[in-house]
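Take the two lone chains, each set in its own frame, and fit them into one complex as the hints suggest.
Next come the chains, spelled out residue by residue.
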Amino acid sequence: MKNMIDAMTHETRAPETTPSAPKMTARGVSVFYGDKKAIDDVSIDISQENVTAFIGPSGCGKSTFLRTLNRMNDTIASARVEGSIELDGEDIYASSMDVVQLRARVGMVFQKPNPFPKSIYENVAYGPRIHGLAAGKTEMDRVVEKSLRRAGLWDEVKDRLQDSGTALSGGQQQRLCIARAIAVDPEVILMDEPCSALDPIATAKIEELIHELRGRYAIVIVTHNMQQAARVSQRTAFFHLGNLVEYGDTSEIFTNPRETRTKDYITGRYG
Amino acid sequence: MSDIARIPTDWKTDAMQRRIRRRYAAERRFRLIGLGAVLLSAAFLAFLLITMMANGLRGFTQTEVRLDIDFAASDLFLDPATLQGPNVDRALASVNIDGVVRNAAETQYEGVSRLLSDAAWLRVREAIKDDPSILTRTETFWLPASDHIDVAAKGEGAPEAEAAYDRLQAAEAVKTGFNGRFLSAADATDPTVVGIWGALKGSLLTMAVTIALAFPIGVLSAVYLEEYAARNRWTDMIEVSINNLAAVPSIIFGLLGLAVFLNFMHLPRSAPLVGGMVLALMTMPVIVIAGRNAIKSVPPSIRDAALGIGASRIQVVFHHVLPLALPGILTGTIIGMARALGETAPLLMIGMRAFIATPPGGITDPATVLPVQIYLWSDEVSRGFVEKTSAAIIVLLIFLLAMNGLAIYLRNKFERRW
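From first to last, the protein sequence lines stand for chains G and W.
Under the working numbering, the final residue of the first sequence carries the number 1732; numbering is consecutive throughout.
Under the working numbering, the final residue of the second sequence carries the number 420; numbering is consecutive throughout.
Okay, chain W solo, but in the shape it has when bound (with noise of 0.2 Å):
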């Protein structure tokens, strides 16, 4: 050994100075890489936004056309002393309305073809039966023009729409307003006058079915098998399949759904309850894992403090793990359940797919959700859904940020430091 003699090593040469150029060489490029790859994310992020924002804005509003309806020289023969009590929706079945309403359009502003929306006599409707005594007296309306007039007044329409809209402009017959029917109405066939609400109504309550399962069935799987089940070839083989089932493909689920729960179970299809038991199938496993994660993580020295002073294995839990355990919880819960929000596959088994007009009352109507109610209005030609579109995703991706929100709040809330 001792013949080895100590050169001392010499930092300045050549080959030693090239060395460390090429090492800080090295540590630059990997950050400029880093970079890089961030900026791209963060521009396909923009991106996105912004062209969701720049259609989608424009479907939060509407134009309104101006008519002034004469009933009284109409030839809508109603007595407003017949529009009382339950007999209100015959009467006004029995009468033309939509033929009074598209004659005086027709005379108001002559030579504008498609000037109303389709559904904007439904609007007179409710409006009579509010208030019968109108039918005596001429009455100002502002109505819904159609998707050919909307689409124009935001600039985009056909040459003559374009003309159209600028003779009504002309006349103060129209203006573009906050569409407050969008956030309040349920589906329809007409762009004019469709809502996001049933959509909505039906996410919030598919995803209440789908927490209300997999929230207690997956919390205390989790506390099972990482607090009292033993360790042997069974839990292995559980342990297994629940991480297999976490990367099951989401329509396997919605086929187990429709084979199991409407075809043997025979619960309503299309409904929020089968949609969130099915979600709940999937979003179970995401809340294991974490569960057990979050559980596992918590310091054994805790457990052995609370049994060292008489604890029982419950109060242990109870008091102590769960507690600690609970913002890894809550956070793969929140990640299960935004998932299963943005879901569509699994629904379109069960038939969360049709159309359905009316927000859902309770968790066995027939309802959609937001995702498939995307996928619907993008599938439709008629050019005022692609702005609809747009605006659903939009109210969605809120949705999604309000939980991912409410997420980062209770795990604040509940983190503990030691």
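Next comes chain G alone, as it looks inside the complex (with noise of 0.2 Å):
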């Protein structure tokens, strides 16, 4: 671990850029499951330039906390959410704001690659179908080949357009899944630990590509691999109980963090 600080801080890293306004801002956002707490009063703001990690221990929340930027949680009976997250100045859980049009905004990234057993080409082609964006065949290849270009795999998969999404390797599968993430156009990318599930050379490349896809798209991570977020992202939230214990400049949180909870958990104390 000690190593992996010193690495990193001597390793020469893209400069971090102060955001204008903030993409997505979030103030005291707490979440019950049924009776239970599961995030407590957490402020944050999520800027456009960077990529963002959120780090924690197992069950600290962090998951649930990023979940409510889409307004996934909905899908969970028992799930309840307080506070206020704004989108560009907009209260995304007003009752003005649809569901549908805010997850084509806010895409997601999910921990198990998920690919709908349908073709390859399908799977990309299915966003932008439902909503409209690609009009006639031709345009539709163009959106294809597009996002299949960005998440890195078109390469890959060409010349099988047509063969099954899930006949792909893991880490193809996952990058198919950012591919279709991209192809509605989204504003902000929200991956749940989109590499748990990879070996480390699949890995290599989905961290290859959200460097790639920094700046276009505003990016949340949720990890729980500490050298990850130390290699892709700018900015660091620990998450610890349902809390936001600390949020900053990644390099500050590393080597110098204010708390002595996520300097136990960064050394690896606990976690």
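It cannot be assumed that every hint is accurate.
Stated by the list, open to error - A short, non-exhaustive set of chain G residues, derived as facing chain W with CB atoms under 8 Å:
1. Gln1562
2. Phe1571
3. Asn1575
To be clear, the hints were calculated from the coordinates, so they are not data collected in a lab.
Please read these numbers as outputs of a predicted model, since none were measured by experiment.
All C-beta atoms in this analysis are idealised placements derived from N, C-alpha and C, irrespective of residue type, glycine included.
Structure, rendered in structure tokens:
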């Protein structure tokens, strides 16, 4: 762990940019599952330009919080959200917010690669099709190609677009899921431990991809893996027991944490 | 802890060897019992099929007797010219064709009693209707023999019938062939001219009504309960009720149909419409249960994936969940339909056991269905009905087999792996 931090501080890193206005802002957000409070009073700004990492031990609520950002928690009957979350200054929990549109604007990549059991082409084309983003076959072909290229998958699958998406390897499946999220042209991409089911090589590819996508989309990534957070993110939020303990520049958090709990966690004292 | 010395296990002791032997013996014993069970059920099945085939295949054949009728010489006073237009039936009804046929049989085959089927003259009437010109000449007919002779032809008749049959055979006046009528006619009082088509068509119409009602309602209920309904006391109660409904004896559904559909709603009695509605009530819980299980087994990650790119609930259901659940839903549906196809009791309650001599034209016409037809024929005293009953069972089994085959085909067609 010590080596990792040293290595990281010496690495030349992309300079952190100071965001003009945050893409998403959360203020006093609490999430309840029935009577149980899973997230307690979290306030956080997510910037457009940076990759934001959520780290913390299992069950600390980081995934739960991530899922409130595109209202995926709505599907859980007992979940209840308090506080306010805004996307470009618009309250996403307001009754005027269309949840279907919100999820197109705030895309999501899940822990386990979950391509539809359909062809590779259909996987990517599905989103644009239901939102009516591409008129006609040629335009759809273009959208599919562009999305697969951005996800770094095009060269590997261009000759077998009609094969089933589930026949790809785990890492390819995850990149297909990223291509699928990109295809609807979102503003924010939420990634819920996108590499936890992948081998190191596939993980490296996804991390590379996150670097490339940075700036074009606001990216929020939840990860168990602190090295990964250090590698891919510019901002890091440390969650513990449903609280946001510390939030700051990644280099700061890993080298000079303000809170002892953060320090204990990143030095492997618990977690 | 350390004072318990580690003594190496001796696998060679007698006790140990005995234990191993006992274990293998138990394994062999269990395998033999399992094999025995399978063989026993296979033997029962084979016995059933072989008896059915042996009895039933004869039901598909029919003995016919040659009869020359000289219409010109007969006392049948019919002018071919009058046999035109709408008055044909009335003109034919006014003359005694039956008597002419009977006389011809008596003169040609003297001393043979009960030669022809009681319904044989109907075929002569049909022939006259088709071509009135035969009334001026001698025509040769092959007419259905009575079941008395028919059974003798198949080697199981009474001694005098056997003797008569031998005489006929010597004169080359008899033949046994495939009975096309059996597949195209409806019920009759005479076993030599009965057909299964009426009941088969009744079954088809009833099944059509059943599936048209039970499938959409069952699948929509399953989708609603799984995807939309909140988990609370009400949905728990609905779930328990549906599970109970699936186990209710079918005759109860028949009584319900009698009380509600016939007595209250005044729908036609004996009709495939009402039969289908009753069977739909019976089949629906099975479809709901199978549908819910199939929908439950669709991985939640697929729903998340679709929701995550902004699909609405209904798009998630119709684009992803239902296509993946379809094989399971179809299997459940066909199992329910197969049970409905073989159902007799509830249909007796709503009058589908009536004697119906013409195939139904639509779902509101009186009809009967295959299992009820089998039940009715098995009740008949006439010897000829025995083989007809078996033949009807074969038709029912083929129908069932076709349905199960369809289920397997559909399941494989829609099955997707991930």
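Evaluated hints:
no. : hint    : in the structure
1   : Gln1562 : 7 Å, holds
2   : Phe1571 : 6 Å, holds
3   : Asn1575 : 4 Å, holds
The earlier numbered hints are all upheld by this structure, with none contradicted.
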